[in-house]
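Asks: Chains A and B, in that order, give the protein sequences. In terms of this note's numbering, the first sequence opens at residue 1457 and continues consecutively. In terms of this note's numbering, the second sequence opens at residue 8 and continues consecutively.
Derived by calculation from the structure, the hints in this document are not laboratory data. Cβ atoms here follow ideal geometry from the backbone N, Cα and C, with glycine treated the same way. Incorrect hints may have been included.
To be verified - Stretches of chain B that chain A covers, calculated by requiring three or more beta carbons in the stretch to come under 8 Å of a beta carbon on chain A: (1) 23-35; (2) 44-51; (3) 174-187; (4) 237-250.
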Amino acid sequence: MDEDEPLPSYEGLAAAFAKAKAEKERDEAQGLRATTGNAAAANKQGEVHFKASHGILIAFFSWILALHALGIYLFTSGFLLTRLVLEHRSHCSVPPIDVAGSYTPGSPDAGCWHPKTFDKAIVIIVDALRYDFTIPFHPTEPEKPRHFHNSIPFLYDTAVKHPNNAFLLPFIADPPTTTLQRLKGLTTGTLPTFLDAGSNFAGTAIDEDNLIEQLHNASKRIVHLGDDTWHALFPGYFESNLTHAYDSFNVWDLHTVDNGVTEHIFPLIHPSNTSQWDVIIGHYLGVDHAGHRYGPEHPAMTAKLNQMDDIFRRMVDQLDDDTLLVVMGDHGMDAKGDHGGESDDEIQAALWMYSKRDRFGRSSPSYNIPPATAKERPVSQIDLVPTLSILLGMPIPFNNLGAPIEEAFIGPKGNDFQNLATVSRLTAAQIHRYQQEYTRGKGLDDTTRATALSLWDTANGAWTSLGGSKRSTHDQLHHISSAFLAYQAETLSICRALWAEFDVPRMLHGVQILALTLLTLGLYARGLDGERAELTPILLTRGIIGTLLGAGLGMGISFAFSQLPREHVVIYTTAVGSIAGISTGFWHIRRRLVSPLPNSIWGWVCVTVTVALSAGFAANSFTIWEDEILLHFLCTFGILGALSSFRQKNSIDRALGCYHSILFVVLTRIASLSRLCREEQMPYCVSTYYASANSSTSATWQLAIPYTVAFLLPNFIRSYYKGTRNFQGSVVTWFDFALRFGLLLSAAYWTLDTADDGDWYPGYGEMLKTTKTIIAQLVFAIALAFGYSTFAWSKPFLNIETKTRGATSSSDQVVADGGTSSITILGYANVHGSRYAFLVTMWFLAITLVQKPMGAGAIGIAWWQIFSLFEIIDTNKLSDTPVGPVVLGLLGSFHFFKTGHQATLSSIQWESAFIPLRTIKYPWSPLVVVLNTFGAQILCAIAVPAIVLWKQPPKKKGLLGDVAKAIGTHILFYAVINLATTMWAGHLRRHLMLYRIFSPRFMTGALVLLTVDVVAIFIALGGARISFLSVGEVFGWTG
Amino acid sequence: MSTGIQEPQKPKPSATPIDILNNDTAKIYTHIHPILVLSLYAYKFQSIVAEPVPALSESLIWLGILQIAYAAICLPPTGGSAAPVEKKKPGEKKRAAPSKIESGVNGKIIPAFLSLVVSVAPATPLLAGILVLFGAPITTHHAHTLLCAAHISLLTTLPLVYVHGVNGETWREIIALLRPIDEVYGCMIGTVFGAWLGAVPIPLDWDREWQKWPVTIVTGAYIGFAVGKLVGGTVLKGKKIMFD
């Protein structure tokens, strides 16, 4: 009390007391005066209370994460297709139908069901050998051949010059076009189901009848060389002393596998060693890796194809008369050299068979020239299974659905229709036997395959009417063969439809769980009045009780009704129980509930944008053009921010708000120039992410981008700290030294990478590789090890300045009177925000490293935009609205596209796993791929707490609850997107574009939601704990 | 959006909604005008789809004439009240009569034409810039984008400049959506919102000729203009937009 006025009356005393109390509270709130009484004890209590509240928030959000995971799991297990795998095996002595003529079946040496043609076989798989690589390039217009054209002419030339010794055909893969799936198809003859597609990182043994097992059981000695995926699929079937397997995932490495195969295969083919084996399987990976690394339009592809060409010439020279040589691609590659999807370029591989003796033929002379495009006379990849089985005298694997390839059975004169009809009949009969068993195993009736059965009867009738007589005409036999093949084709199409069989109850229950979780989260994030940290314990407790009751109930039900699937029932009741539990919690605090619907234009814009985006995922066009839609929405928000800033009364707020809003929009547009187009966007989109549309390497000029980022961006972001004088203490070291150094190292990494790719310094490749790996690890160490230590142990970014009286000080500093001088706390205005936002800068560095040069620019812009957004939110006083978290959601989704990704399998940048490591190491390699793929969403999720902490007073009450609200809202945004994409994928499950568009978008949405959940809980909310403790240590705790 | 619009708490004298002129011609023409504008667009639509640049240029002239007519006939000029010309002194009656056309040209057409120049010249590049920010092609289709911006600026800013002039503070209020809603302001908001919504059909895979740039945007702007004018002049007249 400075003014000592006389206070005579009671009212005067009361007023003076109230005034003094208010002053004390104000001072305490500003942290200038230590709380009186047992201040230390109260402070300690405040800290304990904070830690407890924080722990409960972590638990609550983890519980939301668990519900998301359960819902996604239940839906996925019903959505991704399943097929009943039959254990039956074909046996050499048991043909599927009476064998025609005088042939006695049952001897592997002569041929099990049909006389064999070859004793031995060399099967070479050239991974990703696309059909148009193998045929001559005939330009339709004045167009130059690409690097992948005319580089492997040997296959075509032999097929044209020696049609009886060789043929070349398009070889169509069933999607997904991943190697593991393809190998299953190529050995079992069945169709893949989608569930298997995800297991490419860890292949599992094939437990169906397959060609390799048949060969093994017939005591054939099989040698395998190359891609080690084979060993995961067929453990123990190969001659261990001759077999050499190589790691298949190191896509950086173009030569190790190929040189290994070549080194070991030629000695084996040498006449002195041919007695050691019966079948050799060689799997070359160089073409595939060249595609992944450089794209097909690159000199490395030419070199690789030339090398393959040379190898096949040498093989043919050494081949003996009774050995069959097969060369094939397991899939193709898209314009960038990647694969996995079902576009034409990805499914069109090549098949070439060669024999020294005249074994092959064509039914028409016009077929002597291999097809000019893969659309003419293609064979399916599963057709290899019966073809190879019969040629080698093996029984056809039980589950095969493929057909024999005409060229292999028609005879050198092209007229052996007797043979063709016989093998077609055998194959069809095995398919018929398989279908009978499958129908029985599934408990299906015959209605679905009525057409197929009538085709079978027709074909058999035609065969019986001939009575197997030798004098039947070619036309009759040709007709019979066609009839059996018609049955095969019809069965195949039935199976394709049948195995698109969805478990609808599981999908519905998964969607229900996701929807109920969404409602819960929506009510929590937007429908609670007051401090969330206080209300969370009751919700969590009720939720846990509900979870336990639900789980118990589920166990009870599944024991009582044993015919119900237990896992499904337990998951469903657990999730529903926990949501019911939390609902009682909400009922308990019903007085604190408010309508979660927005009550302002800002709120409605947020809802509209989220719902519009989600609704758009029902249309394939809006899904395809998501990047442009996000650009539109982000600009809308920026322009609205500018309009809103114009409304501010304070002219500084107005100017700052306008500046940052316009900056935000302009940066969004600049970032939008970085594009990686998906196939469906063509021709209205030009890819700029890589050097060209046919490449997956960066152009040399793009190396300037990471250097620009390193030199300029730290200065720009520093200014957001300097504005409130928070550029103090360890943050100075961080920005001016560590961060900049890290960014420069990251730029250096990509320079070395380009040098290595382009072979700038021949002979130094190994040194470059080692150096760049070390650099990458160093950047990670700076970002995460050094970064987290600084983040954990530094004080708030403040400084204290003492000035003599009279010196003017800025209004956002706190001034304490001290006689003739005043004390100013520099950086007081943004203690919380600046302290927490440090975390964003650390993760920015880590994420920048794993993005390609163009992506470094995009992520840098995202980083800048995040800080601009903080200012927009602050000057327009929007921290309580959903604007910040929703715009961060849009921004994260937008930059996902700008860092060279799309919602497709083939756009995953697998090679990023090798940035900090030279080999696959779990769990780090998948984590790096996640950091590369969802880097933008991760960065934005980390920034969420800073939205509500930016420029808040240190001791403002309920800040932790505000953080929870913001995080809840941010997760809510992604949860809405996830629910929508899940529902659309389920609803459109018969849509033509399911696998191309809706299913990948669903998977992206689910993965993003789970990633953002984990990041928001453990990195953002976890980081907020460190930041709050650090501020609390200096300014004390509020109750 | 309805919750965001409330009655003004303290209507300042400078921020009252604009009323159209209080004469029969104005009252009738204000309803005919949006019909004429939409008819013009509907008439030109086929040629705009076929050849956007020449067709949009030509219809721009017609739109300019219609908008000048609208401003001159229906709207009070800057600083003027709703009924400025009705003050006549008894003795001047005869002298005013021969100059009626002249004063009509001097007092209405010329300001309206000036408004056109003043509004379209700065607004077109600005709006074109905003269109590019929202995703219009950067390197191609410049004429298309500029013409689209010119159409939007004729629809939005010409009447506003005519009634409000070029006062900085007034324009801050206009941009900040702080003015009470009236017919003219409704035109602006409706046109901009319509143009915004016009982007929706572009990505759809319907393979229609009219999906090309910038047909849908211009169409949305025209429809938004008519709707905004109608709603702004009737239901929402006098209301203010509240953001929070």
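Asks: Tell me, in ascending order, the numbers of any earlier hints that this structure violates.
Replies: 1, 2
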